[in-house]
Amino acid sequence: MGALNRRLRLGLLTIAAGLAGMALVVLMLRALSQPQLRYRWDFAGTSPLALSQRSAAALAAMPEGSRATLFLDRPSPQDPLTFYGSAVYPNAYAVLRVAAEEIRIQSHGKVEVQVLDEFTAPVKVAAEKARLGHQYGQMVYLEAGEKRRILRFAELFRIDQPVNEQPARLHSHRVDEALGDAALRLGRGHLPRIAVYSGLLPFPREDLGPFLQLLASEGYQAAAVESLPGPGDDWDLLIIPGQRGPLLAADAEAARAWVEQDRPLFLALGSFTPAPAMEFWNQQLAPRGAAFLEGRVCKKFRGATGLTANADHIAVTFEGMQANHAITADLHLDQRWLELGSAQALDLTEGSVDYARETILWLDGSAWIEPDELQPTFQPSSRTPRGPFNMVVATSRWDEQDGGRGRALLSGSATYFVDPQRALARDFLSSATRWLLGEDQSSSGLVALQSLPFRPTAAQHARLANLSILALPGATLLFGLLVFWRRRR
Amino acid sequence: MIRVDRLHKRFGAVQAVRDLSFEVPPGEILGFLGPNGAGKTTTLRILSGFLPPSSGAAAVAGHDLTQASIQARRATGYLPESFVAPPELRVGEYLRFRAGLKAVPGARRRRRVAEVTEMLGLGPRLRQPFSALSKGFRQRVGLADALLADPPALLLDEPFGGLDPLQRQEFRELLRGLAHDHRKAVLFSSHVLPEVEELADRVLVIDEGRALALGSREELLSRLDQAPRQRLRISGDGAALGRKLPEAFPGLEVLACDGGELLLQLADAGQRGALFRWFACRGEEVLAFHPDTPTLEDLFRVLVAGAPGAPEEAA
Amino acid sequence: MTAFTALLKREVFSLLVTPSVYLLLGVWYLLNGLLFVYALDFSPEVQSDLSLLPQYLFGSSLLVWLLLPAFPPLVTLRLLAEEHRLGTLEPLLTAPISDAAVVLAKYLSASIFFLLFWGGVLLLFVLLASLGAQLDWARVVGGFCGAFLCSLLFLATGLFASSWSGNLILAAGGGAALNYLLLFLPAITENADGAVGAVARAAHIPNMLDRGFAAGLLDSYAAAYFLGLSGLFLFLTWVRLVSRRWVP
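Residue numbers (our numbering), protein chains in the order written: chain A, 21 to 509; chain W, 352 to 666; chain B, 204 to 451.
Here chain A stands alone, though its shape is the one from the complex (with noise of 0.2 Å):
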C-alpha cells in the first residue's frame, strides 16, 4: 500500500510537471503561430513558391468558415500535357501543395483547406467533385459563403505546349497572383458589377437565372436590366446575351456612348438578330475591326449514333479555338468543344489602328452559309458562302492598361447563354467574363519556374548509383568494422 502510494505520489508529480510543461509548450506554439509572430522567409532559387503580403492580407481579409479545396487529382492519360513523360501536373501539384499549405497559414485558419489527391478515398473526390460541379483543368476552388472563384490550370501556370515528341513543361506560374486576386474577390465588399441585358433576349427571361447564378457563384454582382446602363451607371461589364431586335432610341444612345467609352462588352448575337439592329453594331464596332456577317451557319454533324446530319446546331472543335487566348487557352487544352446554335459569322474588317482584334472561335472550310434565315434548306450549294468562318473575335487597345478598358468580345451565337450549367459553356462563359474584366492579367504576377532538368547519362548515372548505393553505406560499414577492429586490440 505504502509502495503504491509512493509510486501514485511519484507519478501524479511527474504527470503534474510534464502537464505544466506541456501547457508552456502549447501556449508558446499559439502565441508564435499568431500572425505578428509567424515570419516565413522564402530562399527558394528557381521559383519563389511563398504568397506576397498582398495575397497574405486578402487570404486574412477573408470570412470565417471560406474554403479552399485543391482538385490534384491524376491527369488524363489523353492529356497533351502528360505526353512523352512530361512532369508539368507533378511540378505543379508541388507548387499547389505549397500554395494550399500558405493558404491554410495566411488565413490564419479562416479558410480551411482540403486537398483533394490521388491519396484521397475516391469517394470523398467524388463528393467533392459534384458539390462544385468540377471540370477536368479546374484547380483550386476559393469558397467564401456562396461566392466561389474557380481556378483553372491555364490561370495559375504557364507551359511549353508538347512539340517535336518533347514533353511539355512548365515555364512559370502566377498563383500567388491567382490566389490573392480571388481572394480579394471573395473577401472584399464591393463586388465587380455586371449588367445582363435582358430587353431583348431571343429566350424565355427565366432561362437567363443559371447564367445569373453563375456570375454570382465565380463572385460578381450580376444583375438583368432592361435598358442599357446609360454613362453614369458604375456597371464594370455589360453582356447583351442575344438580341432579336433593334434598341429603343435611349438604349442605342447608351450603347454607342459605352461603346466609345471603351467599357468591357459582352455582344452576342445571331442569325435571329435582324439585319437593322446588326447594322447598328456593325457601325459601332467598326473601329474594333470586325463585324458580324447576315445567315445563319450550318456544318456537318456527327450525332452520338454516327449519322450525319446538317444542321445550324454547330459545334467548334478545340482544333477551332485559339491556343494562346486566355479565354480558349483551357478549352483547347483539355480538347473540348463548344456548341453554338442559331449562330452567325463574323468579318475581320479594316478597323483601327488602336484595337487589336483576334478570332478565338472558328470554324473550317466544312461550314457554310444558309442564305435564306426563314426557309433554311442545310444543304450546301455551290453558292452558298463557305468557311472557315469567325464565331467569335476578341478585341482589345493596344495599349490597353488598366483592368478590361477596351475589350470586347462578339461572339456569332447567344445560345451557350441558356445553358451554362453544361460544362463547357460555363468554361468558356467564365473566362470570358474574367478576361472582359482583365482579371487574366497573365503579363503581372508571373513567377517564373526554373526548371532544372536532369538527364544524367548512362555513364553518371551508373556513377550516381554506385556511389550513393554501395561506396556510401559500403565505406560506412567499412569504417564501423575499422572501429570495431581497432577498439578490440
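It is worth saying that the hints were derived from the structure and are not from the lab.
One or more of the hints may lead you astray.
[Unchecked claim] Computed far set for chain A versus chain B, every beta-carbon distance over 12 Å:
(1) Asp-93
(2) Gln-98
(3) Pro-294
(4) Ala-297
(5) Pro-391
(6) Arg-403
(7) Pro-493
[Stated by the list, open to error] Straight-line distance between alpha carbons at most 20 Å, and here's what the computed EDC-like set of lysine to aspartate or glutamate pairs gives:
(8) A:Lys-144 / B:Asp-396
(9) W:Lys-486 / W:Asp-532
(10) W:Lys-595 / W:Glu-635
(11) A:Lys-130 / B:Asp-396
(12) B:Lys-212 / B:Glu-285
(13) W:Lys-486 / W:Glu-559
Just so you know, even glycine gets a beta-carbon here, dropped at the ideal spot from N, CA and C.
Take the given structure of chain A and dock chains W and B to it, following the hints.
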C-alpha cells in the same frame, strides 16, 4: 568530514534506514558493518547523492546533500557496489572523461589519471577496454574513479568484493594511507567481518536500517568483555558435567559445549580457582583453561542475532 | 560547464567508437541512396526539375516517413536505457553534474551525431552537383534544416523513451511509437472538424517539411514547433531523471 543526522529512508512500506546518525571525521576510516539488506548500500547511495533521504540530514565536507548536492558530490569519491564503466571505453579514456566530469583542470587531468592508475597498478591496463578487465581490475578502476578528483571524502560500497587476498591487502594499505596520510574521511561498507576488523578505525553496526553499535573495535568489544568468558577443555564428557556446573556455581552459564570443550561465562573472576578444584574432585583433568577473547564476529552475532549478552543499542 | 563539455565529448566519442552505430548509419545511407537513385530514375517530376529532389528526399516520400521516426530512437536508446541496463548510470548521476546537464549533453551528442545521418544525404546532392547537375541549393539546405529539426524532435522523444526503462526494445519501440504518433496522428485527423482538426493541422509535420522547408520556405512556427516540442520532451526526460531525487 561526513555527517549524518537522524537519517531516514523509506521505500513505501519498507523502512530501509531508521534514525541513523554518525560522523566520519577527516583521517578516519569508518567500517559500515551489517548483514545483507541492512541498509548499508541505501545509506551510501544517499550520501553519494544518488537517492534522496526521506528525512534527516546528511552533509559531506560541510555541503548539505539536499541543499548543495553538486558541491557535496564534488567532495565525494564514490565507489558503487558493482562498479561498471561503459564497455566501449578504454580504461584511460574512461578515467580522463571522469576527471573532466569532476572538473579536474585540463592541464592536471592526464597527470592525475597517471598518478591514480599508478597508485592502483592500472598502468598496463590503460589501453584495455573496460569490458576486457577482470573483476578485481574493474574494482580498481572504480576506486581510481573515486580518487581522481582527490575528494576529502570517500564512500566505498563493498570495495573488497571480487578481490583476491593479495589485492585486498594492497587495497587496505592504500585506504589506510589515504585516510591517515591524506586526511580523508573514508566510509566503507562490508559484510566481511575480518576486513572491517582489520581496516576500520571505528565500526558502525547496522541492521534493518538501524544503528546497533558505533565505536572503535576496542570500545565495542569491551562491552562484550564485561562478563569474563573462559574456554575450558577436560579429558572426560563435558556435557554431563556442564549440566551440573550452574548448580555448583551460582551465576555461571555454560555458553557452549562440544565434547570435552566448554565455553563458560563466569559470574566473577574468583570462580576460576573453585572450578579447578571442582573438576579435580570429580577426577577430571583440566587440559586447557584460558580466557576467551571476543571478536567483532561475536559482537556482530550478539547484536544482529540477538545472542545473550547483547549490549544496549548504541549509536 | 566543464562537466557538461566532458560528458558531451564522451557521448559523441562513445557513439563514434560503437560499431553497431555504423551499421545503423550504413543502413540509413543505403536506404536513402536507393531512394535517391529511385527518384532520379523513376520520378518524372524530379527528372524534369531537380529542384523537387529535396522535397523527395527530405519530405514527401513515404520511405522518409517510415525511416525518420524509427532511426533516432535507435540512436538514443543507448543514451539512458543502456546505461541503466549496464549500471553505468549510477556513477554518472553521482558525479558533480546536474541532471539537466546530463540530459542536455546526451541529447546534444545524439543531435550532433545525427548530423552525420543527414550529412550523408546532403553528400548525395553534392555528388549530383559534381556531375554538373544544377540544384536549387536554397531548397536543399532548407530541406536539410527541416529534416534535421524534425530529427531533433524525434531524438528528444527517443531520449524520453530511453529514460523510462533499461529494456532496449522498449526504449527503441516506445520512442518510435511516439514518433509515428506525432507524425501520422495529425495527418490522419487533419480533416476533422473543430479543435481536433485545427490542432492536427497545426501539428502536421509532413506539411511543414514537404510544403515548407523542402520547398525553400523557412517558417518560424514550424521551427518553433520542432524546437518547442523537443524542449518539452527534454523537460519530461529531466523530470523523469530528477524525480528519483524527489522526496516522496
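Checklist entry - Was Pro-391 of chain A rightly flagged as not at the interface, with every chain B Cβ beyond 12 Å? => result Non-interface label on Pro-391 of chain A holds, nearest chain B Cβ at 53 Å vs cutoff 12 Å.
Item to check | Pairwise hint evaluation, Asp-532 of chain W against Lys-486 of chain W, where the allowed Cα distance is 20 Å at most | outcome: violated, 28 Å
Next on the checklist: Between the alpha carbons of Lys-595 of chain W and Glu-635 of chain W, is the straight-line distance 20 Å or under?
Outcome noted: Holds, at roughly 14 Å.
Next on the checklist: At 12 Å, judged by beta carbons, does Pro-294 of chain A keep clear of chain B as stated?
Outcome noted: At about 55 Å from chain B, Pro-294 of chain A clears the 12 Å cut-off, so the statement holds.
Next on the checklist: Hint check: Lys-130 of chain A vs Asp-396 of chain B, CA-CA at most 20 Å. Holds or violated?
Outcome noted: Holds, at roughly 13 Å.
Checklist entry - Under the criterion that the straight-line Cα-Cα distance not exceed 20 Å, is the pair Lys-212 of chain B, Glu-285 of chain B satisfied? => result This hinted pair holds, its Cα atoms lying about 18 Å apart.
Checklist entry - Does the structure keep Lys-486 of chain W and Glu-559 of chain W at a Cα separation of 20 Å or less? => result violated, 29 Å
Checklist entry - Is the Cβ of Ala-297 of chain A more than 12 Å away from each Cβ in chain B? => result holds, 53 Å
Next on the checklist: According to the definition I'm using, a residue is off the interface if its beta carbon is farther than 12 Å from all beta carbons of the partner; does Pro-493 of chain A meet that for chain B?
Outcome noted: violated, 4 Å
Item to check | 12 Å cut-off, C-beta based - Arg-403 of chain A kept clear of every residue in chain B | outcome: For Arg-403 of chain A, whose nearest Cβ neighbour in chain B is about 54 Å away, the distance exceeds 12 Å, so it holds.
Checklist entry - Closest CB-CB distance from Asp-93 of chain A to chain B, is it above 12 Å? => result At roughly 16 Å from the nearest Cβ of chain B, Asp-93 of chain A sits farther out than 12 Å, so the non-interface label holds.
Checklist entry - Would you say Gln-98 of chain A is clear of chain B, with no C-beta pair closer than or equal to 12 Å? => result Per Cβ check, Gln-98 of chain A is outside 12 Å of chain B; nearest 17 Å; holds.
Violated hints for the displayed structure, listed by number in ascending order: 7, 9, 13.
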